[in-house]
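J.: Chain by chain, the residues:
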Amino acid sequence: MSARFKQLSGHTLFWPLLTLALLLVANGIFNPGFLALQWREGHLYGNLIDIVNRAAPLILVSIGMTLVIAVRGLDISVGAVLAISATVAAWMIGGALVVDHGVTTAVTRLPMPVAIAGALGVALACGLWNGLLVVRAGMQPIIATLILMVAGRGLAQLIGGGQILTIYYPPYFYLGNGFLLGLPFTLFVVAAIYALTHVALNRTALGLFIRAIGVNPVASRVAGIRARLITIGLYMFCALMAGVAGLIVSSNVKSADANNAGQLLELDAILAVTLGGTLLTGGRFSLAGSVVGALIIQTLTSTIYSVGIPPQVNMVVKAMLVFAVMLLQSAEFRTTVRGWLVRTERRA
Amino acid sequence: MKIRSLLLAAVAVLPLLAACSGGKSDKGGADRPITLGFSQVGAESEWRTANTRSIKAAAKAAGIRLKFSDAQQKQENQIKALRSFIAQRVDVIAFSPVVESGWETVLREAKAAGIPVIVTDRAVDVTDDSLYTTLIGSDFVEEGRRAARWLIDDMKDRKGPINIVELQGTVGSAPAIDRQKGFHEVIDADPRFKVIRSQSGDFTRAKGKEVMEAFLKAEGKNIDVLYAHNDDMAIGAIQAIEEAGLQPGKDITVVSIDGVKGAFQAMMAGKLNATVECNPLIGPQLMDIVKKVHAGQTVPKRIIVNESVFDRSQAAAAFPSRQY
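Listed in order, the protein sequences are those of chains A and B. Residue 335 in the UniProt record's numbering sits at position 335 of the first sequence; the count goes up by one each step and never skips. Residue 182 in the UniProt record's numbering sits at position 182 of the second sequence; the count goes up by one each step and never skips.
Hints listed in this document are in silico derivations from the structure and should not be mistaken for laboratory results. Glycine included, C-beta positions come from ideal geometry on N, C-alpha and C. Certain hints may be false.
[What the hints assert, rightly or not] Some chain A residues near chain B, calculated using beta-carbon distances under 10 angstroms:
no., residue
1, G28
2, N31
3, D50
4, L155
5, Q157
6, Q163
7, T166
8, V253
9, S255
10, A258
11, R284
12, A288
13, M315
14, K318
So here's chain A without its partners, still in its complex pose:
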């Protein structure tokens, strides 16, 4: 094995990127047309575009989750917060379709900027609640956020009156369906948020602080880092990401479904973060890794749909693929395999 390869494979992003590349290549071989991109209706069209578009909410939530996990936290309420945000936005924009002499017009309850601000405000409040429970009340993060995970959907249903809220306001649909320069608008939202977060982490001391808190919260506080404030802030950021994801999801399907929106999102986000090489024990994290992790998960889902696997065994196939991916990513497993290979080589 050359030194160059060793150096390359030592990079955090190497294995996640390799996994994603393998998945896409395998799809390209066994599933002709999967990688094809076309120009249709003034925008790019193809499975790859779908994957990016569909993965957008998961990417955002994974970015938030990465930072929470980096300070030894966990937020399992993201799915519920997504549902709350989606429902609040849908409710505030309103679902009145007035039919007047055969002419249908969409009527909003509140202006769209107010609705978006309202939804994100509620999401931030959810994050503050989580942060306070963890930092001030000293609860274990998984339990503290479990409260909102369970109660949040109830809250969302309360807002929506237990119904799916349909949105009849075309300008709102742009967020989740629109195209800018031939690419999905969500891609730009994700890129902007990723860039901002990256700058905040690397051009200020914030990244260093987060790593310090993750490695040793007590020592970092003694050293003068405002660990509690930063931790609360990160929970709020994570919830905000879930809130933006909620806007995208509700805009994409033009409705808000309090029961099903963002279901099991927390697990997918944790999986994405792990696939990206972030340690669940805190301290070491990779934002880019989480983005790649989220893309891997969505590629798996899209693969299952386009290969034509019978729906009854969907879950099993997905689990097996995730299992294989996790094995590939495990440094320990790779060492073991290398050990076997070396031994068989010697014997031969």
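Once you've looked at the hints, dock chain B against the given chain A.
T.: Just chain B, lined up with the frame of chain A:
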């Protein structure tokens, strides 16, 4: 153990409660309102919401005390709800099962407690028929057949092969199984038709859209017909078809089941071709049966709701009178 002690506690407390309310502890007490425990699937679609509203309103109008529980599409929640109804000694239990199988134990418990059970909307798969009193709801197999018949009639002048993609409901649920069965029964007899893709869209718009996107990428212009097990999935899929630059209703014929308002709007816009009605407004009929069952009268084992098929020509006329 826990349930048994709960039951015991409930039984012990019951006479006290009854004594407070005037000493009428026997079941047929005329001035005591009937208590109905109802366990709903969830709020996964507009159809379900209308179903819930109808049941709540009808219970109120009939003077029946309703204990309503939402299972959020999980069988374990529903079994828990049924057990709590048994522990609370409600007079009648009604429920709309999330999936077909796995109800034997809890229904036996209800039978042992002497509480009649009415199954609504979806069927249960049990070996012993006496475990439930009656099944009130739509005939899903027939709905599947109707969708297929409409399609064959609509396509009678077209030459084969006609490629169909199918969006199935929640895997294992009665409507998904039966709507697939009924549809295939009829469509398989016509050699022009072929179902080329079939995948679950979980009865939701988001999944319907996501799966349809993948179908469109995989099959492209080969798709002639979309058959969705409910309107919401079709509405999601219609968005996917439009985004692919095709015209739903024209390039791809779309037929779905339920007849919710959203489907009528889609038909008026020319994007959906037909919807097979599946009437959720069973509240009044259900309350009637609850009263009959409670009074000890015999009711038929299977009660079917009145339903029809709507296409685009009837959509505008029927829209104002649609309640769900």
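J.: A separate judgement is required for each hint: does it hold in the structure or not?
T.: Do the hints match the structure? See the list:
Here the hint on G28 of chain A is broken, as its CB sits about 13 angstroms from the closest CB of chain B, past 10 angstroms. Taken as an interface hint, N31 of chain A checks out: its beta carbon lies about 8 angstroms from the nearest beta carbon of chain B, inside 10 angstroms. Taken as an interface hint, D50 of chain A checks out: its beta carbon lies about 5 angstroms from the nearest beta carbon of chain B, inside 10 angstroms. Nearest Cβ of chain B to the Cβ of L155 of chain A: about 14 angstroms, over the 10 angstroms cut. The hint is violated.
Taking 10 angstroms as the C-beta contact cut-off toward chain B, the hint placing Q157 of chain A at the interface holds, the least distance being around 7 angstroms. With 10 angstroms as the threshold, the beta carbon of Q163 of chain A comes within range of chain B, its nearest partner Cβ sitting at about 4 angstroms, so the hint holds. The closest approach between the C-beta of T166 of chain A and any C-beta of chain B is roughly 7 angstroms, which is under the 10 angstroms cut-off, so the hint is satisfied. Of the supplied interface hints, the one on V253 of chain A holds, with its beta-carbon coming within about 4 angstroms of a beta-carbon of chain B, less than 10 angstroms.
A least Cβ separation of about 6 angstroms between S255 of chain A and chain B falls short of the 10 angstroms threshold, and the interface hint therefore holds. Residue-level restraint check for A258 of chain A holds (minimum Cβ-Cβ distance to chain B is 7 angstroms; threshold 10 angstroms). This hint is violated: R284 of chain A has a C-beta 33 angstroms from the nearest C-beta of chain B, more than the 10 angstroms allowed. The closest approach between the C-beta of A288 of chain A and any C-beta of chain B is roughly 25 angstroms, which is over the 10 angstroms cut-off, so the hint fails.
Hint status for M315 of chain A relative to chain B: holds, with the closest Cβ pair at about 9 angstroms, below 10 angstroms. Proximity of K318 of chain A to chain B is violated relative to the hint, the smallest CB-CB distance being about 13 angstroms (cut-off 10 angstroms).
The structure fails hints 1, 4, 11, 12, 14 (numbered hints given earlier, in ascending order).
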